[in-house]
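As you go down the protein sequences, you meet chains B and L in turn.
Sequential numbering from 0 applies to the first sequence in numbering that gives the first Met the number 0.
Sequential numbering from 0 applies to the second sequence in numbering that gives the first Met the number 0.
No lab work stands behind these hints: they were computed from the structure.
Hints may contain errors.
[To be verified] Here chain B is said to cover these stretches of chain L; the calculated rule only asks that three of the stretch's residues, wherever they fall, bring their Cβ under 8 Å from a Cβ of chain B:
id	region
1	85-95
2	113-122
3	140-154
[As the list claims (entries may be wrong)] Below 25 Å or equal to it, Euclidean Cα-Cα: the simulated SDA-like pairs (lysine to any residue) are:
id	chain 1	residue 1	chain 2	residue 2
4	L	10	B	354
5	B	163	L	10
6	B	197	L	15
7	B	237	B	136
8	L	120	B	190
9	B	197	L	35
10	B	358	L	3
11	B	358	L	113
12	B	117	B	136
13	L	3	B	241
14	L	14	B	211
15	L	120	B	199
16	L	113	B	241
17	B	222	B	266
18	B	253	L	119
19	L	107	B	182
Built from N, CA and C at the ideal position, the CB exists for glycine as well.
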Amino acid sequence: MTDDRTQITEVDSLEPTTELLIIGGGPAGLMAALSASEYGVDITLIDENDRLGGQLIKQTHMFFGSHQEKAGIRGIDIGSQLSAEVKKRGIRVLLNSTVIGYYEGNQIAILQTDRLEKIKTEALVVATGAAENIVSFPNNDLPGVYGAGAVQTLMNVYGVRPGKRVLMVGSGNIGLIVSYQLLQAGVSVVAVIEALPKIGGYLVHASKIARTGVPILVSHTIKEAIGKEEVEGAVIVKIDKNWRLIAGTEKKLKIDTICLAVGLSPLTEILWQAGCEMYYIPELGGHVAWHNEDMETSVQGIYVAGDVSGIEEASTAMLEGQLAGLAAAESIKNLSLDKEKAQVRERLSLLRAGPFGEKPRIGKQKLQISADKISQD
Amino acid sequence: MIEKSGVPTVKDLQKIVPYIKRKRKGAVAIIECFQEIPCNPCETTCPKEAIKVGEDINALPQFDAEKCTGCGICIANCPGLAVFVINLDYSKEEALVMLPYEFLPLPKVGEIVKGLDRSGKSCCPAKVVRVLNTKAQDRTPIISLAVPKGMEMKVRFFRRRKVCEKQYSV
Numbered sequence: 000m001t002d003d004r005t006q007i008t009e010v011d012s013l014e015p016t017t018e019l020l021i022i023g024g025g026p027a028g029l030m031a032a033l034s035a036s037e038y039g040v041d042i043t044l045i046d047e048n049d050r051l052g053g054q055l056i057k058q059t060h061m062f063f064g065s066h067q068e069k070a071g072i073r074g075i076d077i078g079s080q081l082s083a084e085v086k087k088r089g090i091r092v093l094l095n096s097t098v099i100g101y102y103e104g105n106q107i108a109i110l111q112t113d114r115l116e117k118i119k120t121e122a123l124v125v126a127t128g129a130a131e132n133i134v135s136f137p138n139n140d141l142p143g144v145y146g147a148g149a150v151q152t153l154m155n156v157y158g159v160r161p162g163k164r165v166l167m168v169g170s171g172n173i174g175l176i177v178s179y180q181l182l183q184a185g186v187s188v189v190a191v192i193e194a195l196p197k198i199g200g201y202l203v204h205a206s207k208i209a210r211t212g213v214p215i216l217v218s219h220t221i222k223e224a225i226g227k228e229e230v231e232g233a234v235i236v237k238i239d240k241n242w243r244l245i246a247g248t249e250k251k252l253k254i255d256t257i258c259l260a261v262g263l264s265p266l267t268e269i270l271w272q273a274g275c276e277m278y279y280i281p282e283l284g285g286h287v288a289w290h291n292e293d294m295e296t297s298v299q300g301i302y303v304a305g306d307v308s309g310i311e312e313a314s315t316a317m318l319e320g321q322l323a324g325l326a327a328a329e330s331i332k333n334l335s336l337d338k339e340k341a342q343v344r345e346r347l348s349l350l351r352a353g354p355f356g357e358k359p360r361i362g363k364q365k366l367q368i369s370a371d372k373i374s375q376d
Numbered sequence: 000m001i002e003k004s005g006v007p008t009v010k011d012l013q014k015i016v017p018y019i020k021r022k023r024k025g026a027v028a029i030i031e032c033f034q035e036i037p038c039n040p041c042e043t044t045c046p047k048e049a050i051k052v053g054e055d056i057n058a059l060p061q062f063d064a065e066k067c068t069g070c071g072i073c074i075a076n077c078p079g080l081a082v083f084v085i086n087l088d089y090s091k092e093e094a095l096v097m098l099p100y101e102f103l104p105l106p107k108v109g110e111i112v113k114g115l116d117r118s119g120k121s122c123c124p125a126k127v128v129r130v131l132n133t134k135a136q137d138r139t140p141i142i143s144l145a146v147p148k149g150m151e152m153k154v155r156f157f158r159r160r161k162v163c164e165k166q167y168s169v
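With these hints in hand, go ahead and build the complete structure from the sequences.
Encoded structure:
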C-alpha cells in the first residue's frame with residue numbers, strides 16, 4: 000500500500016476577523032470551504048486535530064455514490080485531494096484548535112495548544128460531526144473495550160493493532176467496515192453481533208467479511224465483558240423481538256477486544272450555545288438544529304452540514320457542505336446562487352432516493368414538521 | 000437469508016446466473032449485488048456497456064451477459080467488492096474464478112490455496128494462476144483461481160495454507 004497522504008500540518012496565523020468561519024475539517028467542512036472559496040469569500044477553517052480530513056483519513060474503502068461524489072475512490076484519498084485543494088487555494092487553516100464557546104455577535108472562542116483566542120465572523124458553518132454511542136453492560140469500562148473510531152485511529156492512523164481477537168458489536172456500515180479493516184490488519188474477528196433482526200449496513204460489506212468466515216449474528220447482544228484487569232472474554236446472548244434476553248442462549252467467547260459500533264450522535268454543543276432551535280429526531284441520531292434547505296439554522300448566518308445536521312454518511316456530508324458553503328457565500332457576497340444550490344440539492348436527493356436514504360429523508364421531514372408545530376403554538 | 004448472515008442464498012444467486020443461457024463463450028462477470036444502494040461505478044467503468052444502473056443510482060445493476068467479455072475491469076472498481084469473473088472454458092477439468100483480494104501478503108502464482116465459499120467454509124483446493132495488481136486497480140488486487148469444474152459459482156474467497164502471524168508483523 001502506498002502512503003501518499005497529503006497532510007497539512009503547519010498552522011496559519013489567526014486573523015481577528017473573517018467572513019466565514021468553518022468549524023470542522025471533515026468532508027462537510029472541507030467541501031463548505033471549497034465551494035465558498037469559489038466566490039472570493041475570506042474563509043477560516045478550524046479543526047481540533049493535527050491534520051485535515053476528519054474521519055476520511057481512516058476510510059480505506061472505496062466510496063459509493065456516483066462519479067460526481069467521487070465514487071470508487073478511497074475515503075483516505077478523497078480526504079487528501081480535498082485537503083490539498085484547500086491548501087492550493089490559500090484558505091486559512093487552523094489546526095490543533097478547538098472551538099470552545101460562542102458569544103453574541105458571532106464571536107467564537109478558540110483554544111489553541113497554550114492560548115485562548117477569539118475570532119469574529121460574519122457567517123458560521125458548523126460541521127463538527129458526531130460522537131460515538133456506547134452500550135451499557137457489566138464491565139464495559141475494562142481496558143480492551145473500544146469505540147470503532149478508536150480502533151480505526153489506532154490501526155489506520157498509527158499502525159497499531161488493538162488486540163488479537165475481537166468481538167464487533169453492531170453491524171451498521173461502521174461495524175462491517177472496521178471488521179474488514181481488522182481482518183486486513185491480521186486481527187481475527189470472532190463474531191459481529193447485531194441487536195436488530197437484520198444487518199444494518201450495506202450487504203456488500205457484510206458479504207465481504209462473511210466470505211472470510213466471520214459469523215454475523217443478528218438478534219444478538221452483549222451480556223457482559225469478562226476479565227479482571229482487561230477484557231478476557233465476553234458473553235453474548237440472543238434477544239427476542241421485544242429486546243428481551245433469551246435465557247439459555249448465552250455463549251462465552253474468548254476474546255481480548257470488544258469493539259463498539261452502535262451508532263453516532265451529532266456534536267451540537269456550539270449550536271445550543273448559539274441559541275439555535277434544537278429538536279430531538281431519533282432518525283437523525285439525536286438533537287439536531289432546525290435548518291432550511293440552504294442548511295441555515297434558525298439563527299441567521301449559522302449553517303450546519305454533515306453528521307451534526309443528522310447522522311448520515313460522507314457522500315451526503317460533502318454535498319451538504321457544498322450547499323452550506325454556497326448559501327454562506329451567497330449571503331456574504333450578496334449573490335444569487337439558486338442554480339448552483341439546486342444542482343447540489345438534486346444530487347443529494349438522488350443519493351437519498353433508495354432504501355438507505357429513508358432514515359435521513361424521514362428525519363429531515365420530521366425536523367420541519369416539529370418546527371412548524373412549535374411556530375403554530 | 001442474506002439480510003441476516005451476509006451470505007447470499009441459492010434463491011438470491013438464481014437472479015444472477017446469466018452464463019447458463021449465454022451464447023458467448025469464455026469469461027463472464029458475476030455481479031453479486033442484491034441490495035439497492037446509491038452506487039454506479041460498475042456502469043461507468045464497463046468498457047462494453049454491459050452493465051446498466053441508470054438515472055436512479057440506487058437501482059440494482061442490469062447486466063447484459065452477451066455484451067460482457069469478462070475483462071474484469073469492474074472487479075476492482077466495485078466499491079462493494081461484489082463482482083467476480085468466472086470462466087467455464089478455462090480447461091477441460093477446471094474453471095476459472097477471478098476475485099478481488101485486499102489482503103497482504105499476496106499469494107504467489109502456482110500456489111495451492113483453500114477455496115472458500117460465501118460463508119468462508121473451505122470447499123475445494125484451488126490453484127493461483129494469476130495475480131493482477133496494476134495501478135488502475137488502485138490497491139484492489141485480482142486473484143485468478145483455477146478450481147474444479149462445478150465450483151466456479153461456489154468459490155468466492157480463499158485462505159493461504161501457511162499464513163503465519165510473522166508475515167503480518169512489522
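Satisfaction of hint between residue 199(B) and residue 120(L), Cα-Cα up to 25 Å: Distance of about 24 Å is within 25 Å: holds.
25 Å limit on alpha-carbon distance, applied to hinted pair residue 10(L) and residue 354(B): With a Cα-Cα distance of about 21 Å, the restraint between residue 10(L) and residue 354(B) holds, given a limit of 25 Å.
Straight-line alpha-carbon gap residue 117(B) to residue 136(B), limit 25 Å: violated, 42 Å
Distance restraint between residue 358(B) and residue 113(L), which requires alpha-carbon spacing of 25 Å or less: violated, 41 Å
Given pair status - residue 10(L), residue 163(B), alpha carbons within 25 Å: violated, 36 Å
Holds or violated: residue 237(B) to residue 136(B), with C-alpha atoms at most 25 Å apart: Holds. Residue 237(B) to residue 136(B) sits at ~15 Å (cutoff 25 Å).
Pair hint outcome, residue 222(B) versus residue 266(B) [Cα-Cα no greater than 25 Å]: violated, 28 Å
Agreement of residue 107(L) and residue 182(B) with the hint, judged by alpha carbon distance not exceeding 25 Å: Satisfied, since the Cα-Cα distance of roughly 20 Å is no more than 25 Å.
Three-residue Cβ test at 8 Å for the coverage of the region 85-95 of chain L by chain B: violated (count 0)
Hint consistency between residue 3(L) and residue 241(B) [alpha-carbon to alpha-carbon, up to 25 Å]: With a Cα-Cα distance of about 18 Å, the restraint between residue 3(L) and residue 241(B) holds, given a limit of 25 Å.
25 Å Cα cutoff - pair residue 14(L), residue 211(B): Holds. Residue 14(L) to residue 211(B) sits at ~23 Å (cutoff 25 Å).
Residue 197(B) paired with residue 15(L) [C-alpha distance capped at 25 Å]: holds, 23 Å
Of the hints listed earlier, those the structure fails to meet are numbers 1, 3, 5, 11, 12, 16 and 17, in rising order.
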